[in-house]
Amino acid sequence: MSKDSKKNSLSYSLIRPISNEKWQPISIPLVSIIISFIAAAIVILVIGKNPLQAFYNLFQGAGILPKPTYAGYKSMLTDFLSLLNAMTPLVFASLAVAVAFKAGLFNIGVSGQMLVSGFLATIIVGYSGLDAVMAKPLVLVIGIVAGGLMGGLVGWLKYRFNINEVVSTIMLNYIAQYVISFFIQMYYIDPVSRQSRYIAEASRLTLVNVEIANLKMDIPLGFILAIIIAILIKFLMDKTVVGFEIKAIGSNRNAAKYAGINVGGNTVLAMVLSGGLAGLAGVTYYLGYFSSIQPKVLSSIGFDSIAVSLLGNSHPIGVIFSSFLISVIDQGNTYMSSQAGIRQEISSVIIGLILLFSACGEYLKHKVSRVKEKEVERKESEA
Amino acid sequence: MSDYIVEMKHITKRFPGIVANDDVSIGIKKGEIFALLGENGAGKSTLMSILGGMYEPDEGEIYIRGEKVQISSPNHAARLNIGMVHQHFKLVSDYTITENIVLGVEPIKKLAGLFPYVDIRNANRKIEELSKSFGLEVDPTKKIADLTVSMQQRVEILKVLYREAEILIFDEPTAVLTPQEIEFLLGIIEGLRDGGKTIILITHKLEEIKKVADRCAVLNKGKLVDVLDVKKTSVNLMAQLMVGREVNFKSEKTPPQLKEEVLKVEHLTVKNEDGFEVVKDVSFTIRSGEIFAIAGVADNGQVEIADAIAGLTKVSSGKILLQGKDITNERIRKRTEAGISYIPEDRQTFGLVLDFDLSTNLALKQYYREPFSKKGILNKEEFEQFGSKMIDKYDIRSGQGIKTQVRSMSGGNQQKAIIAREIELKSPLMIFVQPTRGVDIGAIENIHKMMIHERDQGKAILLVSLELEEIMNVADTIGVIYNGQLQKVASSDTLTTNEVGEYMMGAKHE
Chain A
0 MSKDSKKNSL SYSLIRPISN EKWQPISIPL VSIIISFIAA AIVILVIGKN PLQAFYNLFQ
60 GAGILPKPTY AGYKSMLTDF LSLLNAMTPL VFASLAVAVA FKAGLFNIGV SGQMLVSGFL
120 ATIIVGYSGL DAVMAKPLVL VIGIVAGGLM GGLVGWLKYR FNINEVVSTI MLNYIAQYVI
180 SFFIQMYYID PVSRQSRYIA EASRLTLVNV EIANLKMDIP LGFILAIIIA ILIKFLMDKT
240 VVGFEIKAIG SNRNAAKYAG INVGGNTVLA MVLSGGLAGL AGVTYYLGYF SSIQPKVLSS
300 IGFDSIAVSL LGNSHPIGVI FSSFLISVID QGNTYMSSQA GIRQEISSVI IGLILLFSAC
360 GEYLKHKVSR VKEKEVERKE SEA
Chain B
0 MSDYIVEMKH ITKRFPGIVA NDDVSIGIKK GEIFALLGEN GAGKSTLMSI LGGMYEPDEG
60 EIYIRGEKVQ ISSPNHAARL NIGMVHQHFK LVSDYTITEN IVLGVEPIKK LAGLFPYVDI
120 RNANRKIEEL SKSFGLEVDP TKKIADLTVS MQQRVEILKV LYREAEILIF DEPTAVLTPQ
180 EIEFLLGIIE GLRDGGKTII LITHKLEEIK KVADRCAVLN KGKLVDVLDV KKTSVNLMAQ
240 LMVGREVNFK SEKTPPQLKE EVLKVEHLTV KNEDGFEVVK DVSFTIRSGE IFAIAGVADN
300 GQVEIADAIA GLTKVSSGKI LLQGKDITNE RIRKRTEAGI SYIPEDRQTF GLVLDFDLST
360 NLALKQYYRE PFSKKGILNK EEFEQFGSKM IDKYDIRSGQ GIKTQVRSMS GGNQQKAIIA
420 REIELKSPLM IFVQPTRGVD IGAIENIHKM MIHERDQGKA ILLVSLELEE IMNVADTIGV
480 IYNGQLQKVA SSDTLTTNEV GEYMMGAKHE
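First to last, the sequence lines map onto chains A and B. For the first sequence, counting from 1, position 219 maps to 218 in numbering that gives the first Met the number 0; every step adds exactly one. For the second sequence, counting from 1, position 224 maps to 223 in numbering that gives the first Met the number 0; every step adds exactly one.
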């Protein structure tokens, strides 16, 4: 056996775990994550710290692993619940990106859609003094409707005037950001916090400081909804005529038109769905995780969700797992930095690395099929 | 050592899943026209891409002028004086003829010995001389966008001559030309040979080979079948060797049984995106049991007529009636349901969703109605059953059955899938646009049989084709289009190939 073919068979055994195409949607993101953690470990080693210790602290901080000591009313459970609380808007936002992506559209306007729906829900319900039973469902409805309308506008602009959705969403982001900033500064400002006034607890989608069994925990009601919606979206995409048409226009607009599918209508519909999901992200963020809006700032969730959606293969269930992972790192980093003495920025580096490697998924897939071909050739030539 | 200018010995080239060339050895003599004959997928293009430096062979050797070479790139091939005239022109339409020809080998001069610039004036003169000496007169300052297809082809030929090619490879050069233009091109090819050039002609048209080629290599499924002396071999034998069995050139067909009118097109006018009239005041009718063919050179409005009937293009004036019902402004789906099947020209862009699997593509026009779905919920089992049935019935070959991604299927099988889907709609009107383009002879025969079978079932069939032979072969009525206008509509029995060719050129009209 020549040296070259030895090398080939070595790389073949290396890629064997991800060579099964059936499992690639799961195995390739997993491998991307492992590679990025290895890369992050190297970074931590270079700054002279123990990477295993750091990762352990990271998971402790996120509430996945127990910390040695807890402050009063706190435990691993409370940490875990705040993880879910932070994760909820990210799941919705990533679903929003994923749905648009299936239709071949790039929704960069998730942040703007979040802000608009969050703002409208805040001023309509948040300051209204309605009962919780009325207020909470109403917040959700306003979120869906406001986000959906804004997304629908983008879809309509695309279909009617052929305006690229990337351009229109970016512009709408700016418009939303500054118009809402204006209204907050003029009418809804809290002079102390320099943010919008806090909303009534009744309208908040996260139950804060609930005392159960001598623990004070935040219960994110939106999280359960996020899981349900993810499953519904999966069903919609895989099993229904609507999903079929959205996927068809996403894969090949011309063929979809030829097959008699209403391309314009489905473009608008996909953007309404995407915007509606972004709206849910907005209300669970501004009226759940937070309870006020900082003027002139767009949430970074809207942009992170693009990468999170890619990491989850734009698959509704995959998106839950990728959101979970990113949230763990995001939540755990404070504890990691205080315990392991690693600056918080490092955790941003890790997230960056994960997102970078997840974007390389297609390359990995390509590489795997190349190595597989070579292996087949090698076997043939040996036989 | 030998009298061969090009020798390819034991060439083997594998692609995943197939062996494109299997131990092929050919030798080409200086100053001859050597034809490569074979069906699609026989490996002719691969073999010539190896010679042109686009691929490297897995096994085998190449000798040029007796010297062993490894052709690593198209540039390397050009240095060995090998030039390829591509089937799909590689020209910049906003550049002049000269600019296109010198692209990549621009003659650089220096202004005041310092600032480099392209010496276009000199190049213009050189190209004019070159074009005259080979009988390929062109005006070098004209833009490509203003040229006809056959003139563009001349530019392609001049491009390789300018690079001093001695060995010219023509890849299916006649596919886009009218009969008259084909005559002219074949004359040029003979002229080039007489001028001492060596010509390799890739084609699947037998009569062209018979006309100009000296020798002919027949490939079948990647293997060299035989090298024939064209003068001593009959066309039938060549065809038989190519396909591997006997071929019927003339489709068997009974006289048409015309019944009621199915499609009536009245004064149809269609404008393109620039507002230019590409179809002008076209009227015709197709009756049940009739194959109506529109003959014409590419881009004369025939595809737009088909698109307008199917609803993919807007009608700017005129009427389209299907079984007496006005469908001029109906949605595409309404038309499909009213009874139109459409096999589009561009099967990969329009006919199929390449990333979907075969069963899904087979159901692409029926997925939304029972039994494929109920109340908006898809019935995957029905997709699969229907798909399996179609695969058996129409002999669609694919790697993983109904689960195969259509992208990975061969062009011929993709076409079969589309035809299967459209026939199964059981529409009274069927539109076939270029149904046999890029499909091999055996499959062409099959597609023609299916068309005639559908006709005999009482369907009205509209055929749009650039292949005159195909039209003469299957059509009952021929409408010749030139510049968006129907020049002539007549029964196919009353027209000869040459007459149709003249109408196609606009040289003759009523």
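Hints listed in this document are in silico derivations from the structure and should not be mistaken for laboratory results. Errors might be hidden in some of the hints.
Label-pair distances were calculated between CB atoms; the ranges are [stated by the list, open to error]:
id, chain 1, residue 1, chain 2, residue 2, range
1, B, I376, A, F105, 43 to 49 Å
2, A, R369, B, L113, 33 to 39 Å
3, A, G264, B, Q256, 48 to 54 Å
4, A, G264, B, T253, 42 to 48 Å
5, B, R330, A, R369, 23 to 29 Å
6, B, A144, A, G264, 32 to 38 Å
7, A, D237, B, Q86, 36 to 42 Å
8, B, N74, A, F105, 53 to 59 Å
For lysine-lysine, the following DSSO-like pairs were computed, each having C-alpha atoms within a straight-line distance of at most 30 Å [unchecked claim]:
id, chain 1, residue 1, chain 2, residue 2
9, B, K487, B, K324
10, B, K318, B, K279
11, B, K374, A, K256
12, A, K256, B, K333
13, B, K279, B, K210
14, B, K263, A, K256
15, B, K222, B, K67
16, A, K256, B, K109
17, A, K371, B, K252
18, B, K379, B, K392
19, A, K371, B, K220
Please read these numbers as outputs of a predicted model, since none were measured by experiment. The beta carbon of each residue, even a glycine, is placed where N, CA and C say it ideally should be.
So, going through the hints one by one against the coordinates:
no.: 1; hint: I376(B) to F105(A): 43 to 49 Å; verdict: violated (29 Å)
no.: 2; hint: R369(A) to L113(B): 33 to 39 Å; verdict: violated (48 Å)
no.: 3; hint: G264(A) to Q256(B): 48 to 54 Å; verdict: violated (42 Å)
no.: 4; hint: G264(A) to T253(B): 42 to 48 Å; verdict: holds (46 Å)
no.: 5; hint: R330(B) to R369(A): 23 to 29 Å; verdict: violated (45 Å)
no.: 6; hint: A144(B) to G264(A): 32 to 38 Å; verdict: holds (36 Å)
no.: 7; hint: D237(A) to Q86(B): 36 to 42 Å; verdict: holds (41 Å)
no.: 8; hint: N74(B) to F105(A): 53 to 59 Å; verdict: violated (38 Å)
no.: 9; hint: K487(B) to K324(B); verdict: holds (26 Å)
no.: 10; hint: K318(B) to K279(B); verdict: holds (13 Å)
no.: 11; hint: K374(B) to K256(A); verdict: holds (22 Å)
no.: 12; hint: K256(A) to K333(B); verdict: holds (12 Å)
no.: 13; hint: K279(B) to K210(B); verdict: violated (38 Å)
no.: 14; hint: K263(B) to K256(A); verdict: holds (24 Å)
no.: 15; hint: K222(B) to K67(B); verdict: holds (23 Å)
no.: 16; hint: K256(A) to K109(B); verdict: violated (54 Å)
no.: 17; hint: K371(A) to K252(B); verdict: violated (50 Å)
no.: 18; hint: K379(B) to K392(B); verdict: holds (20 Å)
no.: 19; hint: K371(A) to K220(B); verdict: holds (25 Å)
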